[in-house]
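Construct the complete structure from the given sequences, taking the supplied hints into account.
There are 4 protein chains.
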Amino acid sequence: MSGMIHDHSRWGPADQIGAANLLTVEKRLGALRSVREGRVYDVSHEIGADAPFMAPNQTPFLLSIWASWRDSIKRRRAMGASNDAGSNVERIEMTAHVGTHIDALGHFSKGDRLYNGLSAPDTVTDWGLERLGIEHAPPMITRGVLLDVAGCDGGAHLNPGRVVTPDELKRAADAARVAIEPGDIALIRTGWGRYFGVDNARYLQGEPGIDLPGARWLIEQGVVAIGCDNMAVEVLPNPSHGVAMPVHQHALAEAGVYLIENLALDEVARDGLSGFCFILLATKFRGATGSPVRPVALV
Amino acid sequence: MSGMIHDHSRWGPADQIGAANLLTVEKRLGALRSVREGRVYDVSHEIGADAPFMAPNQTPFLLSIWASWRDSIKRRRAMGASNDAGSNVERIEMTAHVGTHIDALGHFSKGDRLYNGLSAPDTVTDWGLERLGIEHAPPMITRGVLLDVAGCDGGAHLNPGRVVTPDELKRAADAARVAIEPGDIALIRTGWGRYFGVDNARYLQGEPGIDLPGARWLIEQGVVAIGCDNMAVEVLPNPSHGVAMPVHQHALAEAGVYLIENLALDEVARDGLSGFCFILLATKFRGATGSPVRPVALV
Amino acid sequence: MSGMIHDHSRWGPADQIGAANLLTVEKRLGALRSVREGRVYDVSHEIGADAPFMAPNQTPFLLSIWASWRDSIKRRRAMGASNDAGSNVERIEMTAHVGTHIDALGHFSKGDRLYNGLSAPDTVTDWGLERLGIEHAPPMITRGVLLDVAGCDGGAHLNPGRVVTPDELKRAADAARVAIEPGDIALIRTGWGRYFGVDNARYLQGEPGIDLPGARWLIEQGVVAIGCDNMAVEVLPNPSHGVAMPVHQHALAEAGVYLIENLALDEVARDGLSGFCFILLATKFRGATGSPVRPVALV
Amino acid sequence: MSGMIHDHSRWGPADQIGAANLLTVEKRLGALRSVREGRVYDVSHEIGADAPFMAPNQTPFLLSIWASWRDSIKRRRAMGASNDAGSNVERIEMTAHVGTHIDALGHFSKGDRLYNGLSAPDTVTDWGLERLGIEHAPPMITRGVLLDVAGCDGGAHLNPGRVVTPDELKRAADAARVAIEPGDIALIRTGWGRYFGVDNARYLQGEPGIDLPGARWLIEQGVVAIGCDNMAVEVLPNPSHGVAMPVHQHALAEAGVYLIENLALDEVARDGLSGFCFILLATKFRGATGSPVRPVALV
Chain B
1 MSGMIHDHSR WGPADQIGAA NLLTVEKRLG ALRSVREGRV YDVSHEIGAD
51 APFMAPNQTP FLLSIWASWR DSIKRRRAMG ASNDAGSNVE RIEMTAHVGT
101 HIDALGHFSK GDRLYNGLSA PDTVTDWGLE RLGIEHAPPM ITRGVLLDVA
151 GCDGGAHLNP GRVVTPDELK RAADAARVAI EPGDIALIRT GWGRYFGVDN
201 ARYLQGEPGI DLPGARWLIE QGVVAIGCDN MAVEVLPNPS HGVAMPVHQH
251 ALAEAGVYLI ENLALDEVAR DGLSGFCFIL LATKFRGATG SPVRPVALV
Chain H
1001 MSGMIHDHSR WGPADQIGAA NLLTVEKRLG ALRSVREGRV YDVSHEIGAD
1051 APFMAPNQTP FLLSIWASWR DSIKRRRAMG ASNDAGSNVE RIEMTAHVGT
1101 HIDALGHFSK GDRLYNGLSA PDTVTDWGLE RLGIEHAPPM ITRGVLLDVA
1151 GCDGGAHLNP GRVVTPDELK RAADAARVAI EPGDIALIRT GWGRYFGVDN
1201 ARYLQGEPGI DLPGARWLIE QGVVAIGCDN MAVEVLPNPS HGVAMPVHQH
1251 ALAEAGVYLI ENLALDEVAR DGLSGFCFIL LATKFRGATG SPVRPVALV
Chain U
2001 MSGMIHDHSR WGPADQIGAA NLLTVEKRLG ALRSVREGRV YDVSHEIGAD
2051 APFMAPNQTP FLLSIWASWR DSIKRRRAMG ASNDAGSNVE RIEMTAHVGT
2101 HIDALGHFSK GDRLYNGLSA PDTVTDWGLE RLGIEHAPPM ITRGVLLDVA
2151 GCDGGAHLNP GRVVTPDELK RAADAARVAI EPGDIALIRT GWGRYFGVDN
2201 ARYLQGEPGI DLPGARWLIE QGVVAIGCDN MAVEVLPNPS HGVAMPVHQH
2251 ALAEAGVYLI ENLALDEVAR DGLSGFCFIL LATKFRGATG SPVRPVALV
Chain S
3001 MSGMIHDHSR WGPADQIGAA NLLTVEKRLG ALRSVREGRV YDVSHEIGAD
3051 APFMAPNQTP FLLSIWASWR DSIKRRRAMG ASNDAGSNVE RIEMTAHVGT
3101 HIDALGHFSK GDRLYNGLSA PDTVTDWGLE RLGIEHAPPM ITRGVLLDVA
3151 GCDGGAHLNP GRVVTPDELK RAADAARVAI EPGDIALIRT GWGRYFGVDN
3201 ARYLQGEPGI DLPGARWLIE QGVVAIGCDN MAVEVLPNPS HGVAMPVHQH
3251 ALAEAGVYLI ENLALDEVAR DGLSGFCFIL LATKFRGATG SPVRPVALV
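Residue numbers (this note's numbering), protein chains in the order written: chain B, 1 to 299; chain H, 1001 to 1299; chain U, 2001 to 2299; chain S, 3001 to 3299.
Derived by calculation from the structure, the hints in this document are not laboratory data. Don't be surprised by glycine CBs; every beta carbon is placed ideally from N, CA and C. Honestly, I wouldn't trust all of these hints.
To be verified - Facing chain U, according to a computed beta carbon distance under 7 Å, are these residues of chain B, among others: (1) A67; (2) S68; (3) D126.
Structure below.
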């Protein structure tokens, strides 16, 4: 069931962070220093009950007020306090793969193997990932590159099932006058993000995105992560019969490259950003297979 | 029940973000440019079932694998895929106030009023905060200032019930050769963080921290947020009879100043950081009263 | 906001169980003694992720294996056990109003008043009902009466919006040769239950059921509870403009009569049951507004 | 890993309900007819946040009001209703093994085998038990037999680690003048139930209970289920080194006999019940490994 081809050996048998090894001090400083105007773009969506989710592997997001100001004031009065300090606290039930989020390397397997040849039976426990969980993903402060392919078919966005090819990625980079370098994070804009939270049925029915050739090309350029304004980065449905989620499998389980999903890229595209400082700080949910995030682009 | 004294009027009756209004472009650029070496310090703890929580308002953190690689491979095979892509996806049940986290302005009330005089009955709904939710907190990229008071009593940390005074905060700033300015985020180190996840019973039993005078002094300096290496920033128990959580109430509900809790500050203290670039990107959980975060300090 | 008309005063100001006061020893013995053949009919549906729920007040049902045999065997081996005892344990997230269930008297209010004039602000807390919770509903072992009105329009079932009138209930009782008596539980069959878990969209879009006149008539006969093979017992949508859920409000909050929803009544109807021993044992979830149940009919 | 000895072959290779096959019409009628006085004893505890749970396999019980009367009235007014019908609905997070509950046959394995030789890898899925889930347990209406051994050591209860022997069970039956017959449900009273919800730390630290010999003896008498007033029916810790939970393993996975835990038996003991009508109706949570229940004894 193995026989996988992958790059992880670049960082040795003990490596858990994959292409995050390419996040060097130089890349970080370069990205920070590239910020001239101090303008911040928020490339994430709000997370709520209206966030789309792909059943059955993903589950709905629920948020409820658990403790309210009224009752907490009563409790505090009962304990002798008279300053009427009310607490509002919620209870959240969710998957980490809700809204704008990053996938951990342990999110996908190839058969019974995870990234770096780790055994899935030994690594995936009832209560999370013993290794390759999102808590191992370092803070990401590096250059982000926007590859805007949304208009490739003459419309406002590409359509479900439409494969974004390596050529199209290259031309988008050229048009933006950037050459992708090791340590970059590539953000692909298909335009599909416009349906997030607006028409979830449509958003979930299928999507434009890259296939293995596009993923391989980006990975060869040395990206740390690939992000996209759709649910899964990769094209759905995949045109090849007999394969499901090959980009997830290759990027996470073979190459150790992260995936960032459900990005909101319309604003950065409208303002013509190409290369920018990109910051993503995954919450360290121990053993989680991903984390909802609020990444930003700065120019 | 009202008669509150507060500063929010500085930003007008429609304001929802409080002291985050002080996060100017200048502060952001200054913070980014202050980064010389490109070294990143992670000032957050991992979040897991062993994270402390203050019952009854807070609830335990639970993470379970919801969909596993084995079963998802079976499902994909049944749908005709043979590449054996297995998904690992979790289900999380939590409060936003778990681990290292930031409080939203709507987290606390003074009687039936929230920040900026908002009506709690109208704002706090079954499913979250209609206004003042954490999704309104902007990305925070600004100068962080470490105020290390842990050694004030000659030991490794201060003790539960020990009030950190304005004088001690000032002297800590002086020792670090920084003067707190508007738009800064102040991080107070009491040393109490050493018990997080190590001895939760102790960590929760009480803590050193600021009281109202310390909070007011910091707020007068124009901080956007006050962070600390304890559960609640403020001293517990509060020495004044008849008041509960007065710093939460004043900072959040009156002054519009954020609180960041359960920080991990031992490393930045050990390396002598005083002023640094501080980045905190709260996840936009709509209507939530806070968000777990993974803030970083850069030098 | 009050000025409600109700019967609860029959059982006094301290009463919390309403018409369950009519579950006398005589009714119980009579019901048990009526069992001649010892045949059991299960009048409940299975509960799973495919159970319909009425958003936004109701939430989806989620069940996940929390601890599995594999990992628990590993843990026990690590603790020295060699008998390889594996535990499978789940985690459930749900509302009590899922699948076949009974409503507690505190489930509905009339303005700020609950059953027996209780104050909703004082009774409904963050964490459940201080009074009138399902734990107060006694074990129900009494006579059940099937009122089969499904064929009243010549078809297999009535349609959404179709009001079942007191006359129709009376005629159904007559046809079954039963006269409803105090302490009985009336089960109304509309035929709508055929869509439960089969076509939830249809099941939820609307339903046939009783309106206030039918509810009042049954309550006047002295029923303890009214059950039905639909989501809400009452007709949806209600034909009167300006009223929502009037039967829930009258039965629970005014009359102290329980409601049992999502019953599976096709089998008992097919076998011609009319009066029978009916047993319903609500789980004592403290403070809950209802409980999923597995009631049975015996003949 | 197999080589198990078990009785299940009595009911054939397709059997999923084990000793519930012994719940005949005769037993049911006999139990119902034995009810002379019509008195009901509730042998269950209330379920709340104070219910004990055995970490890590079991998880805490949480109940929160999800939708409240205030907000639902607002929503209904907004939709044009003026009758001010308020809904109170909760959200529950729990394991099925909370409070008084029954274990499904699929709850335990012997290595990779479940009851009736079923393959655990094939039967235990991410989302529950494909077979042997609690939904298959039939309604249980049969004779219950109280075996009161609480006073065997001269005190009010037995102590943790104390094994209840077959001899002691026999003598308790003799003292109660009952002989256990096929189709009975045996309820063992150790007296340990007094600590449930009163001193959970103590309740959980260990318990008196049967060991394999006692379980085998009861199973040989043909019981459908064994219940007890403790967490696990069986003695904890088990005196044999190298075995964990052998009674669970033998009863559920080998013999197909159910276990009922956390019963409240003080009242039935005080009133001298020995043989009685016992009714337990497990909620049909599909694929669940158990169900909280509210069983009753009638005389």
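Quiz item: When the nearest CB of chain U is found for S68 of chain B, is that gap smaller than 7 Å?
Solution: holds, 5 Å
Quiz prompt | Status of the hint placing D126 of chain B at chain U (closest C-beta pair under 7 Å) | solution = Nearest chain U Cβ about 5 Å off; hint holds.
Self-check item: Agreement of hint A67 of chain B with chain U interface, Cβ distance less than 7 Å
Solution: holds, 5 Å
Every hint from the earlier list agrees with this structure, and none is contradicted.
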